[in-house]
Amino acid sequence: MATNFEKVVSLARKNSIWPLPFATSCCGIEFMATMGSHYDLARFGSERVSFSPRQCDLLMVMGTIAKKMGPIVKQVYLQMAEPRWVLAMGACACSGGIFDSYPVLQGIDQIIPVDVYVPGCPPRPEAVLDGFMKIQDLVNAEGLRRRHSDQYKDLLAGYGIQ
Amino acid sequence: MTNETIKLRLTEKFPDVLTGWEEPYGMLTFTAPKDFNLKVLQFLYDDTELRFRFLTDLQAVHYPDRTGEELAVVYHLHNLFDNVRIRFKVFADITKPDVFSATALYQSANWMERETYDFYGVNFLGHPNLIRILNVDEMDYFPMRKEFPLEEQTRVDKDDEMFGR
Amino acid sequence: MSEHILLPEGSIEKQTTTLNLGPTHPATHGVFQNILELDGERILKSTSTVGYIHRAFEKIAERRPLYQITPLTDRLNYCSSPLNNMGWHLTCEKLLDVKIPKRVDYLRVIIMELARISDHLICNSIVGVDTGAYTGFLYVMQFRELIYEIYEEVCGSRLTTTIGRIGGFERNFTPKAFEKLEKFLDKKTGYPAQLKEFENMFTRNRIFMDRTIGCGPIGAERALNYGFTGPNLRAAGVDYDVRVHTPYSSYEDFDFIIPVGTTGDCYDRFLVRNEEMWQSLSIIEQAYRKVQEFKGAEAEVFHADSPAYYLPEKKDVYTKMEALIYHFKIVMGETDIPAGEVYSSVEAGNGELGFYLVSDGGRTPYRLHFRRPCFIYYQAFEELVKGGMLSDAIITMSSLNLIAGEMDA
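Residue numbers (the working numbering), protein chains in the order written: chain B, 1296 to 1457; chain U, 0 to 164; chain V, 15 to 423.
Just chain B, same shape as in the assembly:
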């Protein structure tokens, strides 16, 4: 965060995050409650949720990811343009949740890098907003050059992403 230019860009980025709600199960309904008028995610700048990975900034994975769904999550992540962040909402997305069984992927961080984990089953909308604000803090603190750095490339290589 060296220059004033970076500060302006970070300010713009953090207040206009467009999430992609990748809702698979119960956490999706809690997300609908967060988007509703009572808890209102729109006041954080996410008025428009994009359903197209090409246009979104934040991938919010909500709900259990089964092994059948894993390649699809990865595909959606790959289609996102830099800079991209990932928020794992709910116990199932963080670590498999209460489903310690053969078809469930035990946490999405086995296939994609995750920035913020919001635990809960399902997490209350306040917890989701808290996680979202942590994403905003991350966006604010990130410089313009992180995505080109070697450490980031190594992180992605660890997941098998070029």
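There could be a bad hint or two in this list.
Which chain B residues face chain U? A few, computed with CB under 8 Å, are given here [as the list claims (entries may be wrong)]: (1) K1363; (2) D1395; (3) Y1397; (4) P1398; (5) Q1401.
Which stretches of chain B does chain V cover? Using the computed rule of at least three CB atoms under 8 Å from a CB of chain V, they are [as the list claims (entries may be wrong)]: (6) 1352-1362; (7) 1411-1423.
Hint data in this document are derived by calculation from the structure and do not stem from the laboratory.
Where is the CB? At the ideal position from N, CA and C, for every residue including glycine.
With chain B fixed as given, assemble chains U and V onto it according to the hints.
Chains U and V in isolation, oriented as in the chain B frame:
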């Protein structure tokens, strides 16, 4: 229409074939040999007195101790006119679990049989599209059978002792 | 002078397009995939793939004592978890032969009908969203928040409630819960007023009617053959409702009608669900009045007297030996279940949710199967959309109220 009359009609039509007559919690239950399942279902559908024309449920249970009859396919039928339910089982050998498919009679049996195949490996003869439905297509075993474990085996970070497996 | 590029004869006509209405959909319906073959905009064939959220509930249930299965049932139709929970408790009570007092039955009815309202509310407003009317959804979601508050007063959780115990509830309904219930039922500021407004927006709206009438119809015979139950079957003309045909939890004491449609298309399904919400409101009012009639000691009853399966009170656990033993056995999951097999069903948000429980006398079920209505009637989707247009397929999908958690279990 009581359980007695249903039992009477069925034993009239299929003498000495149906066994295992029970009434757990009020629901009449009986067993038929594997090859008779469609005949019994068709009779229960067509008969003007019995009229069991709604297939509520179709699934299987694995009894590894009953050698020669390990897989039980259980049908739950409902007569909506007189509001009566019955349960009907067929047993199949696990080495050759071929059972005739009820899809021609009940469209709802289509996916229920696919699910039973996916979980237990029961091969339904005459099914239009018997492939896996809920599990991944590449899976090569039938997970609900008693010998297979629940958890994913490749996981390294969960300690078996602490997690009570 | 422009040159026209002439395509060779027969190159693009008479060829169908394959469209993947993939597992990631906008409008959060759930994860299932439909591969559609389109001729222009008409659908010729559709192949559905499910299983994208298969979590192996039935296998997990074979490892867990009866109480630990209640959180699993929550996650079946997660829009109306209390209905699933109550269904499971009723199955266990049938197997364990536990008699439930009337007051508990009436309290259960209140919770179940609230859950039914919350499920139908989402379904109808999402049909509105899919036809392009987003505002209806925002208006009714506010009342879903009120329902969540009532659940929180009783069991502490909003969405996946795990409400109740085998034999009743974990605690008596506080006066605050009844206050919130009255606020919800208030004719001027509560849900009835909002439902009236929602109805005014949609039921006789020209655009909505044109979009939904004739879209995805199914006849009664076909629907029965496909195993339809619930509002989808009632929209097709068959008045089958588990609450009336096999009454459970004292439903026979209540006075309500079963709304029935004629053609089974999306408009009929919308109207049936709408009317069911009105009927549920009436049932809740009747149940609330009946609960208020219990006075004195009877008003404190919130569970059955079944020490082997219902956790004893803490003061008894610290002073009496039997209570201590029961507490230990229940919490550690060491109570043996009697052997036998039972099938029990409830009228869930989507239809007949059945539980087939086979027990061999051990501590966990030998086999537990969920008869999931969504899974069974989704098979008919191909037949419903054949010959229709793509946008009609979207509306049909949302009006069938497909919940992926229930489909895949």
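*asked:* How does the segment 1411-1423 of chain B fare against chain V when you require at least three residues with a CB closer than 8 Å, holds or violated?
replied: holds (count 3)
*Go through the hint on Y1397(B) and say holds or violated, using the shortest Cβ distance to chain U against 8 Å.*
holds, 5 Å
_Let's test the interface hint: is any C-beta of chain U closer than 8 Å to that of Q1401(B)?_
holds, 6 Å
_Min Cβ distance, P1398(B) to chain U: is it shorter than 8 Å?_
holds, 6 Å
_Hint validity - D1395(B) Cβ closer than 8 Å to any chain U Cβ_ = Since the shortest Cβ distance to chain U is 5 Å, the answer is holds.
*With a C-beta cutoff of 8 Å, work out whether three or more residues of the segment 1352-1362 of chain B approach chain V closely enough for the coverage to hold.*
Check passed, 3 qualifying residues.
*May I ask you to test the interface hint for K1363(B) with respect to chain U, counting a Cβ-Cβ separation under 8 Å as satisfied?*
holds, 5 Å
Every hint, counting from the list given before, is met by this structure.
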